[in-house]
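When we follow my numbering, the leftmost residue of the sequence shown carries the number 147, and every step to the right adds one.
Check each hint, because a few of them may be wrong.
[As the list claims (entries may be wrong)] List of simulated lysine-lysine pairs, DSS-like, C-alpha gap at most 30 angstroms:
{"#": "1", "residue 1": "292", "residue 2": "363"}
{"#": "2", "residue 1": "316", "residue 2": "269"}
{"#": "3", "residue 1": "256", "residue 2": "269"}
{"#": "4", "residue 1": "363", "residue 2": "301"}
Don't read these hints as lab results, they were simulated from the structure.
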Amino acid sequence: MSKMTDKLGGAMRNSLGVGTPAAAEAQAAPPAGNSLYAGTRAIAEARSIPVDRIAPDPDQPRQQFDSEALAELGLSMKRRGQLQPIRVREDKEHDRFIVVAGERRWRAAKMMEIPALDCVIVKRAMTDSEKLTLQLIENCVREDLKPIEQAHAFKALMDREGWTAEQVAKELNLSPQTVGRALALLGLPGPVQELVETGSLPPSTAAELRSIGDPAKQVEVATAIVRDGKNRDQALAEIRAHAPRRRAAPAQCAYDVAGGQVIVKGRGPCQDPAAKIRALREALEQAEAEGRDRGRREVA
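Throw the hints in and build the complete structure from the sequences for me.
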């Protein structure tokens, strides 16, 4: 399977700040007779587009934006200029452009009344999965998504692409544990997810609540952990105290069938009478099977 990151190519590299550093450079033609530009080529169409002609993508995985962080970003853009272009696609039906990557910069510009943004226009058609992957990667690299938002984005990728959690981790260059913990949050009750969203309960601790099983008990334990201000070790101890105890594996005894005798041997767990009986039954089955084999050989 071709990697999603290979499909996105330069679009992804630019969104992460490792491609063309300014919109103007992406479109500028090489000056005549200037050998400096020999072997180079324009890689995208770039334009300065009025902010009010740009709209956010309704499928953007990030649903919440920190107003204070946006204001700081907007002030930085006003003072130092826009360091990286955002990426947009055409929406000819509504005579506008839709953000593909860079919605935080667009929101910051709108908040600070910056009139226009440098934009690289993505001309080729992009699948929903390609757009989601690009937006997710940009958000994860530049500013972490809220845990539940990130989990929903991972799940959306899995549903659209038919990927496993391991494939999502590989495509996004994340550890399988990171993706697994995020997805575990989606199986928790709403009140627990809200505690994670507000930052009251660490995502890693919340994921451990899955071991309890009972949703009502999960809410009860999560609420107690937050209320009592327990640290991670204390929280894990609380969770383990409410998790169903695993049954110990049945004791095993070794046996030997030889010379018409059955010898059951072993120490420790083998002192359990039930383990001895199981070993005797297994020895009996073995002896019966060997007897049947001998009978068939003698008849033959």
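Q: Compare the structure with the hints numbered earlier in the document and write down the numbers of the violated ones, lowest to highest.
A: none
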